[in-house]
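For reference, the chains in residue letters:
2 protein chains.
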Amino acid sequence: MWFLPVPSGVEANGIHLLAIFSATIVGLILKPIGMGGIVFIGIVMTALTNTLPIKETLSGFANTTVWLIVTAFLIARGFIKTGLGRRIAFIFIKLFGRSSLGLSYSLVISEFILSPAMPSNTARNGGIFYPIVRSLCSAYGSEPDDSPQKIGSFLILTQFHADIVISALFLTSMAANPLAAEITKNITGIEIMWTTWALGAILPGIISLILIPLLIYKLVPPEIKVSSKSKTVAEEELKKMGKMKKEEKVLLGIFFLVLFIWITSNFHNIHVTTTAIFGVGLMIVLRVLDWSDIIAEKDAWDAMLWFGGLVMMAGSLSKLGVIGWFSNTVSSYLINFPLTPALILILLIYFYSHYGFASMTAHITAMFPAFLGVAVSVGVPPLLAALALAYFSNLNASITHYATGPAPIYFNAGYVDQIKWWKIGFIVSVMNIIIWIGIGFPYWKLCGFW
Amino acid sequence: MWFLPVPSGVEANGIHLLAIFSATIVGLILKPIGMGGIVFIGIVMTALTNTLPIKETLSGFANTTVWLIVTAFLIARGFIKTGLGRRIAFIFIKLFGRSSLGLSYSLVISEFILSPAMPSNTARNGGIFYPIVRSLCSAYGSEPDDSPQKIGSFLILTQFHADIVISALFLTSMAANPLAAEITKNITGIEIMWTTWALGAILPGIISLILIPLLIYKLVPPEIKVSSKSKTVAEEELKKMGKMKKEEKVLLGIFFLVLFIWITSNFHNIHVTTTAIFGVGLMIVLRVLDWSDIIAEKDAWDAMLWFGGLVMMAGSLSKLGVIGWFSNTVSSYLINFPLTPALILILLIYFYSHYGFASMTAHITAMFPAFLGVAVSVGVPPLLAALALAYFSNLNASITHYATGPAPIYFNAGYVDQIKWWKIGFIVSVMNIIIWIGIGFPYWKLCGFW
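These protein sequence lines map, in sequence, to chains R and W. Counting with our numbering, you get residues 15 to 464 for the letters of the first sequence. Counting with our numbering, you get residues 15 to 464 for the letters of the second sequence.
A couple of the hints might just be wrong.
Treat identical chains as interchangeable: a pair holds within one or across any two.
Derived SDA-like pairs: lysine to any residue, alpha-carbon spacing no greater than 20 Å straight-line [as the list claims (entries may be wrong)]:
#1 Lys243 to Lys434
#2 Lys253 to Phe274
#3 Lys69 to Ser279
#4 Lys459 to Ser241
#5 Lys164 to Ala248
#6 Lys259 to Ala356
#7 Lys459 to Ile216
#8 Lys312 to Gly50
#9 Lys45 to Asp304
If you are wondering where the hints come from, they were derived from the structure by calculation, not from laboratory data. Here the structure is a predicted model, which means the values were calculated and not measured.
Build out the structure end to end from the sequences listed, making use of the hints.
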């Protein structure tokens, strides 16, 4: 691939980076050495071959999403250390723990309720649901290296895939959804309102959200299925824990403060990562965490290294013109197709291109305009094309462990290996595509979108 | 400080950042919480007050020097894990271990020999001398939390302060020395040749290098002073270790390869950090280090966090015009002084301004031009002014634990606390100033520099 001719519009280094990135992804699949090592070699090769200057090669380590992920692990550490996570977990179990499925639905509903007010799906999961889900696993004695199947892998995968669908539901439930709306306005002149977006998403979305826990329940059956004693056990455990300790109260206060700043961000424009590091700063000052807890939080540094490397490579592919060239090539090819196969191909290629992205935002920025443009020019009704592509911009994040912020967080918890992650991701993606096209298209006709 | 009026030429946020940076430094001195926490709060405040955008606030974590420091800890981990460090340590002890002073001089001489060919003092120490010195400490049973005074704090401080002087010795023994020469050429028209630089530095430099181990020997006396048995003990230990293991040989090979690429960098221009991460990459591929060793290397992440934060703040002070404004203010004030006090004040202010810098390069970039300019205009002979300022650009790095790349490396080893580090740094700085002015000035007269 290294020696491929450089297409016009692509910078010379673009093809080299594409070769390194592809080799890294193949390495992640074949795994001659561990994941971190593979990505690290990718970073080294990028710098050593002068494909990117060393400064840009390291740029992923200063990426705001990467640091949001780092803070997720630090916040989760606070939940574990103070015992607050354990307490919340037992409260969830007490209320919803009669069955694993019920527990899972209760978490999905919680995220659903929170989502319209919290556009960063990484913050939503890293700051809130990951710490709770992780604590729930431990409360059931399900650890990554000790019976992950007990309930951990089920809860982790369900929450992750539910988040992907929840991100698609509202204009404000994923950070880059407004960007998709903005691009739509620029290209088609149509303004997608909050209500239009939600109306179109709610039916297929709710069907997806109902089916995902059931599907994953079949694919990764938790050993704990029903537990009639769970309520009593949880009550006993909560009694044993006694009243909240001072550190738990402090952490709970920080938690709500951070949540409040996140939810009100429209009013003050404080960046989601700023709020997150502010929360960690408070945890340090108020002695919820010691500095030694922070530097020993291996999962955080692991995720920073491998996800930071992938973000750098995937992001630079866009900058060097590779994605633009790919989009244009595909577009110019599809424009000669009849309407229906063209539309299906546009949606599928757009969806599965996400194997090459480490961020929904990056994918929308790089590919949404060209693909929307071509869909409209082959004759797809503009609002239909825009909404379908916008929803798919979220749904496509189910396929890898680096597809969007929450992916490295849940993946790095260690409950699911990469092969299983990709396999289940693919199955869920097929189910979502069937639902959102098969039910979505007729439903949107009813809604009057086309 | 936050509410100070903004001088012209300084961006509005500059004074805010100055306030945060100063508060951070005061925090480092008073230590209401640990160092890492203080710097983290500084980072949080920088972002939260919108003094810098969050992207720039995180920029220190993508800094090439910061990553050179991270690799230093990873390379040292390889030396420890394979036992190669222990072996090299015992070879040093066998050859020079009759006295602690002798051992220390042998290390200083080794760095002296290597230095003209290796301009990055961070790589020189992080990649070569830190792993050896750290292994020596352990070979003597001197660990940070268990008898650091035995020999560790002595060896660490001596090597650090010797490195500062060695950096000043040659045009090519510190990465930014050629920059000082370049600025000199631009301002005064005088070209400082390699031989001129070395001739001027060699006499005061050698005096400094002879006195530093003696001074630190007095200030931080090692408990192990003379050891007539050390040769026999070292020989026995080496015999016990037997032949080199495969991993040791592999690491030694990587070590020499990295050294070779560093030394030949004039020919291929591979960035010093690229070479360093390449070395770490080889260590991963050739299984000298596991990925789990890397993510568990707390010292590396500690240094990345606190040094990365300080580099970001100190670097941005320059960009926002604060340093330029400071230099110009001082200059315009000094220009009315008589020659001798003006010269001494110029040199002293230039020197101790380094409390506000986390890099020699940054200091030279930000302050060398203004201070050279003013020295020349008050009537100091240009070559004298240029050389004195250039040498001081290196020597000033003795005063803090964040002054230059090797500082966080040796400091984070944990043998010397911050108060002692600053105290001894100040004493060494006074000694160096006396030597380089008291002996330097007359000697440079003899050399015909003025």
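Cross-check of the supplied hints:
no., hint, verdict
1, Lys243 to Lys434, "neither (31 Å within a copy, 59 Å between copies)"
2, Lys253 to Phe274, "neither (30 Å within a copy, 65 Å between copies)"
3, Lys69 to Ser279, "between (31 Å within a copy, 17 Å between copies)"
4, Lys459 to Ser241, "neither (44 Å within a copy, 90 Å between copies)"
5, Lys164 to Ala248, "within (17 Å within a copy, 53 Å between copies)"
6, Lys259 to Ala356, "neither (60 Å within a copy, 62 Å between copies)"
7, Lys459 to Ile216, "within (14 Å within a copy, 85 Å between copies)"
8, Lys312 to Gly50, "both (12 Å within a copy, 17 Å between copies)"
9, Lys45 to Asp304, "between (35 Å within a copy, 14 Å between copies)"
In terms of the numbered hints stated before, the structure departs from hints 1, 2, 4 and 6, listed from lowest to highest.
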